[in-house]
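**Student:** Sequence:
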Amino acid sequence: MKKKSNLYQFLALCSCTMICLFVTMAAIADSAPENGEIKILQIPAQSLKHNLIGTPVIQPCGVYLPPSYHETDKRYPVVYFLPGFGDNVEHWFYGAYQGFAIRSVMDSLISQKN
463 MKKKSNLYQF
473 LALCSCTMIC
483 LFVTMAAIAD
493 SAPENGEIKI
503 LQIPAQSLKH
513 NLIGTPVIQP
523 CGVYLPPSYH
533 ETDKRYPVVY
543 FLPGFGDNVE
553 HWFYGAYQGF
563 AIRSVMDSLI
573 SQKN
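This note's numbering numbers the first residue of the sequence shown as 463 and each following residue consecutively.
Don't read these hints as lab results, they were simulated from the structure. A couple of the hints might just be wrong.
Said to hold, decoys possible - Straight-line C-alpha distance at most 25 Å; calculated DMTMM-like pairs for lysine to aspartate or glutamate:
| no. | residue 1 | residue 2 |
| --- | --- | --- |
| 1 | Lys501 | Glu533 |
| 2 | Lys575 | Glu499 |
| 3 | Lys511 | Asp549 |
| 4 | Lys536 | Asp569 |
| 5 | Lys575 | Glu533 |
| 6 | Lys501 | Asp549 |
| 7 | Lys501 | Asp569 |
| 8 | Lys575 | Glu496 |
| 9 | Lys511 | Glu552 |
| 10 | Lys536 | Glu499 |
| 11 | Lys575 | Asp535 |
| 12 | Lys501 | Glu552 |
| 13 | Lys501 | Asp535 |
| 14 | Lys536 | Glu496 |
Unchecked claim - Quick list of simulated restraints, FRET-style, between CB atoms:
| no. | residue 1 | residue 2 | range |
| --- | --- | --- | --- |
| 15 | Ser573 | Gly548 | 26 to 34 Å |
| 16 | Val567 | Glu533 | 17 to 25 Å |
| 17 | Gln574 | Val519 | 34 to 42 Å |
Backbone N, C-alpha and C define an ideal beta-carbon position, used for all residues, glycine too.
Produce the complete structure using the sequences and hints provided.
**Tutor:** Next up, the structure:
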């Protein structure tokens, strides 16, 4: 009889834990920032036109568009980010550079302002 009582207590505890876990996950999902859009454009860098080391004149440029960008005529401030020589725009936007991801930071900052 004692074993059945312990089993029921254990099952009740597991059920309560699972319910709390689902409620917490739902709250986190509701408060998670919306994701902005990343566009990688190819732009000409005329200053590289006659460089001696052969760096391509066409360079990638990352653009972060906030979640509401396509839904409004609102104007947004612009921040230009140019990675250093030999670095890669995608590394910075998608988190491959030492775990730092501009996209995640921007999404978080925008959600905090709202």
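**Student:** Taking the hints in turn, state whether each one holds.
**Tutor:** How the hints compare with the structure:
no., hint, in the structure
1, Lys501 <-> Glu533, "17 Å, holds"
2, Lys575 <-> Glu499, "18 Å, holds"
3, Lys511 <-> Asp549, "19 Å, holds"
4, Lys536 <-> Asp569, "17 Å, holds"
5, Lys575 <-> Glu533, "18 Å, holds"
6, Lys501 <-> Asp549, "17 Å, holds"
7, Lys501 <-> Asp569, "15 Å, holds"
8, Lys575 <-> Glu496, "13 Å, holds"
9, Lys511 <-> Glu552, "23 Å, holds"
10, Lys536 <-> Glu499, "16 Å, holds"
11, Lys575 <-> Asp535, "19 Å, holds"
12, Lys501 <-> Glu552, "10 Å, holds"
13, Lys501 <-> Asp535, "19 Å, holds"
14, Lys536 <-> Glu496, "18 Å, holds"
15, Ser573 <-> Gly548: 26 to 34 Å, "33 Å, holds"
16, Val567 <-> Glu533: 17 to 25 Å, "22 Å, holds"
17, Gln574 <-> Val519: 34 to 42 Å, "39 Å, holds"
Checked against the numbered hints given earlier, this structure breaks none of them.
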